[in-house]
Every structure is written in structure tokens, then in C-alpha cells.
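Enquirer: The chain contents come next:
Protein chains: 2
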Amino acid sequence: MSSEHLDSDRVISILDRVFAGHNKPMGLHEPYFPGKEWDYVKECLDTRWVSSAGRFIERLEVDLADYLGVKRVVAVVNGTAGLHIALKLSGVETNDEVIVPSATFVATANAVAHCGAIPHFADIEPKTLGIDAARLGEYLRDATDIRDGKCFNRNTGRCIKAVVPMHTFGHPVDIEGVLEVCQRYNLIMIEDAAESIGSMYKGKQTGTFGKAGIFSFNGNKTITTGGGGAIATNDEKFANFARHITTTAKMPHPWEYRHDMVAYNYRMPNINAALGVAQLEQLDTFLKLKRSLAERYAKEFKNVSGLIFFTEPESTKSNYWLNTLVLNNEQSNMRDVLIKRGMESGYSMRPLWLPLHTLKMYQTCPRMDLNVAENLSMRLINIPSSVFLGKGHS
Amino acid sequence: MSSEHLDSDRVISILDRVFAGHNKPMGLHEPYFPGKEWDYVKECLDTRWVSSAGRFIERLEVDLADYLGVKRVVAVVNGTAGLHIALKLSGVETNDEVIVPSATFVATANAVAHCGAIPHFADIEPKTLGIDAARLGEYLRDATDIRDGKCFNRNTGRCIKAVVPMHTFGHPVDIEGVLEVCQRYNLIMIEDAAESIGSMYKGKQTGTFGKAGIFSFNGNKTITTGGGGAIATNDEKFANFARHITTTAKMPHPWEYRHDMVAYNYRMPNINAALGVAQLEQLDTFLKLKRSLAERYAKEFKNVSGLIFFTEPESTKSNYWLNTLVLNNEQSNMRDVLIKRGMESGYSMRPLWLPLHTLKMYQTCPRMDLNVAENLSMRLINIPSSVFLGKGHS
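Just so you know, the sequences run in chain order A and B. In terms of the working numbering, the numbers along the first sequence are unbroken and rise by one, the last being 397. In terms of the working numbering, the numbers along the second sequence are unbroken and rise by one, the last being 397.
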């Protein structure tokens, strides 16, 4: 059908119209510092509180907990470290399995491997781009046994300890569906909300549904601390333990250096937290700008043949971290053509990550059928999404 | 002998004289930003290059490699991460053993544990506060077998892969002695130079003698990046591998996300590197100030009964990161008395770390006789050592 043909010139001309007057080349998601970033960072330098203690770390933790509506937040050095610790504190040990989507950034699986455990890959569903809870439930029914209240992979004999749903590009996964599966199979849920700060599922913040939720403040995220992350939880004991094990497990004492377990140096420095406090103050403004850009994209791409612009799943409010075009099935051979044309024209574009089960270190890991992840990986394209690109569209 | 009595009033009165006019309370080692710290950090914010790429990361790596006289430096998120990666790339695997001093910060042993390996504790010598090479050599002669070119612990049957000498408080260890033992027993040497940036052993920078040297830029170090560290090496392949595995092992490609091994998110953010570049520009000035303070301390404490001021070992030039009083044996019961008096008077003081083999998670680890570490842990006291405290003593 010629009417279905994807015209890459048309896509580029839309971007040219949407971003008339903007500088190019344009990154996929660049930082934006219109608030008190410099004031707070300068305060760190002036007071010399730049390192692992200081008022901004504590303030970032309190402010983010307030924003999310959780009891506690522990700031860490990045999202990977946050996931590693959350899984470890959930009892994930050497030779356990942890269910993660195959369609996610590699850090989700790496954090499992850092516990000595094995990623077990779940498929995603087209309407959320996150774990397909219904199909995961069916798969676990056939592939696992419950013994002594624990879930065992019938094939490998290993214990499956946890599930890590990830909110892809900021779009909330079917978190209630995943939580129901976790309850049915006695699995702990750790939410990978690295991409979804500010996104809501039925009016509640992502990252607040499981035992813990992990956020990332990497430079390409909606708000950034340069490098950083956070663990959010309603479990005070979990939070205290996370704080302890991310700060070398030093026992409180005015001078003695006594540490009571093998631990990590995963604390976010105060200078990075200063940036984070200033960014968090503007998160709601940023989210409005991102929504404004997404709405503009939705309007502009509405009648373009061969693709659709991905919009937030029902009952959710996405932060639209990375805006996404979904090519029709028969247009998947156009993916790289369009990405190249975009880059030549000054617009950063990116496909979905290679499904993790195709990477050589994870090829032998257990998995359910992953045909949706495989299919979508050929059809998704992220397009420029920086907060400041949202200005002037309302 | 009453002439040997340690008079804590006298120690405090010396500090009062040395630091007349300084603000109190006084930390043990506080950051100092008299250079281009603001300019460079502000440049990061203005250009929005705050995260995992940017000119300051590269510049810090090049500038530090130049300073040290090594081929390559890889900037990482902190010293612990640097040690972890250096050990991993040296082939340290689950159930191997790695020799570390018992008298070191806990991170040295934690990095071994993060590889799944077991710390094997070595004693230190009084004249360097670092590993006693002669005694380590004798111990290994009796405690190990060499088979197929590998060194095996005769007791545990495990392979000993590496030795991590640490330059305590900046004072160079007998690095040639340790290196000779490593060569004799086919052990890789990774230098823990977290505390010794700028310190020299026979005219050559510490951190440049082994397969790799690790530096820390934590807030309490001679120069700081808030939180950060670096791996220095003369082995290009090792450096390339370190870079790869600390940055999620992503293969170069304009848009594809292909990663070829389980890897880490250990890259130093650019905003932290900006601070580091500015600090490194002043390192020689800082070292002069630190030496000036150490010389003042040496003079003031020369005739104080019951203690000596620790001075750099023969053939070395120490950065005097943390200045150290060594109480006479019979004064060890005065250690905590003096520390408390110091703190009450506004001077941070600190004993040696508890020897790591006494911490509960490392109590069952293999070890040589550790009587020197145990003895010195009761007799050492660090006293205020910040760079800026060196002003006005020359």
C-alpha cells in the first residue's frame, strides 16, 4: 500500500518546522539549568562542603521523598548502584534469578549480575513498552514451582527472587499487573524508575509501588546531578540499611573506624546533590514543557503514514522522557534510514536498545518468549526530547 | 619514668600556638578551593556538559597522567571503584585471595570482596606504616606453594593473585621491596595510592610502580573532586579495558546500544572532573603548604615527651596527607584521652583505622602475624592536616 510508505523527508521537515530557530545538532536529551543550579553549586564551593556529607544531600533526599510521597530516599552515585543495592537488600544472592525486561538499558541486567545473580528476561507489551504482566503470569505458571514459599525456575532449579519492571522512556508500565504477579509468585518488586521521574500511574508516582524504586539523575535524564541516582522506599529499615551499606557500613562513633559488613562507597557527593536540589525545584515546570513538546509531536505526526507517535498508556501520565516514533511493521527496514537522515539533519535519533537477551554476555540467560521486544526493537525511534525544546509550543 | 609522661595539655597548647587565629572546630582534612574551581565548574553548567562526557574528564585524565609520568589515567567515580576494576582486570576472581595490609581504610579490603575474592592480611612496618616487605616475603615462603606459575595458599588451597600495598597517610611504602616479593611469588601489584597523590619514592611518583595505581579524590584528600578516583597505568591495553568496563562496555556505534560484557557505571561525571582539573593545577602549591605544616609540627613536637611526630621514610618524599603522632608504647592508654581533649579543644583527631582483621566480616580471613598493625593501632593519632593550615609557617 503506497499510502503506508514512510517518507523520511516528511519526518525531517516536521522536525525542521517544530524546531525552527533552535540550535543544531540537537541531542536526544540535554541538561537544562535555568534555576538555582549555580547558586547551590557555588554554595558548596564557598562552604567547601562538596563531598560525602553536606546539606544538599540531605535536602535532596527529603525533597525527593516529599515529591514522590514516600517515607525515605537514599541518594546514591548512580541508578546502577541504586538497583544493585536495592536487589541486594531484597535478598538477591549468587545464583538467584531476577526477572527483568529484555527491552531496557543494560544497567538493569548488570545490577542483577553485580549481585552474582542471573537476569531472567521477560517480554514487553506494545501499549506500555514495559513488562507484559499477563503474559509473564502465564509464563511463570508453566515455568516455575513454589516450594517453601519460594519461586523456583523449573528448568534451572534456581530461585527467582525479584522482578524489576522498568518504565520505558518514562511511560508507566502496568505496575498493578506486575505487582499482582509478584504477589502470586512471592517475588519482590523493585521498580526501575530511572527514566520515569514524575510519571504517574493512576495518580501515584512511579517508583513508589514496590519494595523500592530506583531513579537516575544521569546527564541525559529529565533532571540531572551530573551523575547520580536515588533509592526510594516506604520501608524505614530498608532505607537505613541502604544508607549504611552505601556508606562503607561505618558504625556511628566520634573517631573509631569500625565497619560491620562488606559494603560500598556509593554515596552521592554533595556538589552533585546541589545540582539535584535545584533541578528538583523545577521538575513540575520541566514536566509541563516536556508534555508540551510531546503534544506538539503528537499533533505533527498524527497524519504521517507508516508510523505513529507513542502516547502514554491509559490511566497513566508519562513524563515523556524520550519521545518515540513507532514505525509500522512493514516499515522496520526504514528505521536506520530515518535515523541516519535525522542525524545528517542535526537531530539525534536512537533506536530501542538491542534486546538484552541478544547481547553476548546474556545470551544464555533464561527467558520467556520475547517476540514483542524483538519486533519493537526494529521499529522504535527516539527523537529529540530535551526539556527546553518544549518552549513555545503551547 | 616521669620524663616519659605524655602531657595532653602540652599537646593542645602546641596546637593552639600553631593554629592561633584559625577557625575552630578544625577538621582533619578539609577541602581548599583557591584556584579556578569556580570557573571550571561554572563552565560545566554554562555549557551543560555536566555528565559522563566532557572536556574536563579528558583533561583530568591527560593532566594527571602527565603529572604522574604514566601513559594513561582513567577517571572513575571513586577510589573503591578504581581498586575494584584494577583487581578485576588483573584477573582476580571469585575465591582468589589478595594480600592487603590490615592497617588500611576498609575500602582496600572491600574492593577485594567486590571481586568475590578474599582479603589476606599482611602486617605493616613501623618506619613506613605500610606493608613490611621483608616479613611478607618470609611469610609467603612458608605459607605458599608455586604451581604452574601460580601462588597457592597452602592452608586454604586458594590462589593468591595480587598484592595491594597502600601508602598510609601519604607516606610511601617500601614499594621496591613489595615489588620484589610480588615478582618472586608471581603476584600482580596494584598500588593503593588513594592517600598519596604527589608522594615520591626515590624520585618517582607513588601509584606508578605496579600494574596500576589507584587514586582517591574524596573530600578529605589532598585534592578533591567531591567524590572521585582514578586508575593510573603504563599499560595501554589495561587502560582501554578499564575505560570500557567502567562505561557499561558499550561498543562504539553512532546509535546502536551493543554492550559486550557485564560492566559498570563507574565513570566520573564532568562536573566533578572540573573541580579535579582546577585542584590538580594547584597540587604542587598544596604539597608545599602541606610540607610546611609538617615541618612546623616536627619542630613543635620535637621535645615533647611520650610521643614522636611521624616523618617520611628514608628515600621518600611524603605528601603528608594526614600528619601523625606516634605515642610511645607505654602511652597507648593516653590515645583516647588525647583524642577527646583535642576534640573538646576544636581539633579533629583520629586514631589509625581498626585493623581490618578485627572487623567482624574479615575476622576469618587468612593472615600473617599482625602484631605491628595491632600495636600501632593503639598508638597513632592523626592531627589536623588541611592544606590551608600550612600557610604562614615558613
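Keep in mind the hints are simulated off the structure, nothing from the lab. Take the hints with a grain of salt, since some may be wrong.
The list makes no distinction among identical chains, and a pair is therefore deemed to hold if it is satisfied within one copy or across any two copies.
[What the hints assert, rightly or not] Cross-link-like lysine to aspartate or glutamate pairs, in silico, EDC-like; alpha carbons within 20 Å at most:
no., residue 1, residue 2
1, Lys205, Asp12
2, Lys205, Glu183
3, Lys320, Asp151
4, Lys214, Asp145
5, Lys39, Glu284
Enquirer: Are the hints correct? Go through all of them and say.
Expert: Hints, one by one, checked against the model:
no. : hint              : in the structure
1   : Lys205 <-> Asp12  : neither (38 Å within a copy, 66 Å between copies)
2   : Lys205 <-> Glu183 : within (16 Å within a copy, 66 Å between copies)
3   : Lys320 <-> Asp151 : neither (39 Å within a copy, 62 Å between copies)
4   : Lys214 <-> Asp145 : neither (26 Å within a copy, 50 Å between copies)
5   : Lys39 <-> Glu284  : within (9 Å within a copy, 28 Å between copies)
When the structure is compared with the earlier hints, violations turn up for hints 1, 3 and 4 and for no others.
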